[in-house]
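**Student:** Take these sequences, add in the hints, and give me the full structure.
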Amino acid sequence: MPLLISPSPTRRQFLAAAGTAAVSLTFAPRARAQGGTSPLRLALLSDTHIPADATETYRGFSPVENLTKVVPQVVAANIDGTLLGGDLARLKGLPEDYARLKGLLAPVMAKGPVGMVLGNHDHRANFFEAFPAFKPATAAVANKHTSTREAGGLRFLLLDSLLAPDVTPGQLGNAQRAWLAKELSASAQPTVILVHHTLGTNDGELMDADRLFDVLRPHRHVKAIVYGHSHKYEVIEREGRQLINLPAVGYNFNDNEPVGWVESVWTSEGVDLTLRAIGGNQSANGQTTSVHWT
Numbered sequence: 307m308p309l310l311i312s313p314s315p316t317r318r319q320f321l322a323a324a325g326t327a328a329v330s331l332t333f334a335p336r337a338r339a340q341g342g343t344s345p346l347r348l349a350l351l352s353d354t355h356i357p358a359d360a361t362e363t364y365r366g367f368s369p370v371e372n373l374t375k376v377v378p379q380v381v382a383a384n385i386d387g388t389l390l391g392g393d394l395a396r397l398k399g400l401p402e403d404y405a406r407l408k409g410l411l412a413p414v415m416a417k418g419p420v421g422m423v424l425g426n427h428d429h430r431a432n433f434f435e436a437f438p439a440f441k442p443a444t445a446a447v448a449n450k451h452t453s454t455r456e457a458g459g460l461r462f463l464l465l466d467s468l469l470a471p472d473v474t475p476g477q478l479g480n481a482q483r484a485w486l487a488k489e490l491s492a493s494a495q496p497t498v499i500l501v502h503h504t505l506g507t508n509d510g511e512l513m514d515a516d517r518l519f520d521v522l523r524p525h526r527h528v529k530a531i532v533y534g535h536s537h538k539y540e541v542i543e544r545e546g547r548q549l550i551n552l553p554a555v556g557y558n559f560n561d562n563e564p565v566g567w568v569e570s571v572w573t574s575e576g577v578d579l580t581l582r583a584i585g586g587n588q589s590a591n592g593q594t595t596s597v598h599w600t
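The numbering of the sequence shown is my numbering, which starts it at 307 and goes up by one.
Be careful, since some hints might not be right.
The calculated lysine to aspartate or glutamate pairs, modelled on EDC-like cross-linking and capped at a C-alpha distance of 16 angstroms, are [claimed, not checked]:
(1) K488 x D520
(2) K398 x E435
(3) K398 x D359
(4) K538 x D561
If you're looking for bench data, these hints aren't it; they were derived computationally from the structure.
**Tutor:** Here it is in structure tokens:
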């Protein structure tokens, strides 16, 4: 389903995947003046937690104020698109939450393609009501929000781990895992997965994380998994794959963690991740973590 939309078709090329309900959305990184292609540059945001009430705070943070600070930074950055890793709304995914989020994101959506996945504080129907262009005529996976996208020599698979609004654990489910297996078999391009939930064994994480890795195990071209949920910034490795846990925009759970977003530069060999902290622990603001794979 279309998770990446651009305000200007002349700037971004949209290609429907023949014979499937999903849509493959492709935009090319800018060409180098001397020939060749530049790396793909993406803004990575997660856990915006935007409430209907702009004055609402949590742990001393204002999610609306934080996103209001982040948006001009993203607009000013040298990027080709933006990905948001879920928990877009404050708690229950109310229509008013998404209405405010839509207004706040308008400058980012005007700049270039934006992709969103849903988290445990989102509500599919209310999200699609606010962002109707993101809803396909027929879902690739029933009651799930999935997409395949190719750019810069990479393939991005966007998954839906929302089990129910304001229910902490997540789940992909049998149908989505089967869809994922089919998508991974269709191409050997270096692949990155974006999903909301963390991949551990605690009660509030992705309940079928081990079954997800069962699906991934034969497909060594899956190089990285990007997620949010924990409001923690961390890069770790599992079974040779890089796990990139994005910081939250809305607020942190621990004073040691930053609040903000990540500016990323992708190639088929890896990604450079630069933290853009606007709150919380800002000691690593501007620092770049280089992640490489083979």
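**Student:** Looking back at the hints listed earlier, which ones does the structure fail to meet?
**Tutor:** Hint check: nothing fails, all pass.
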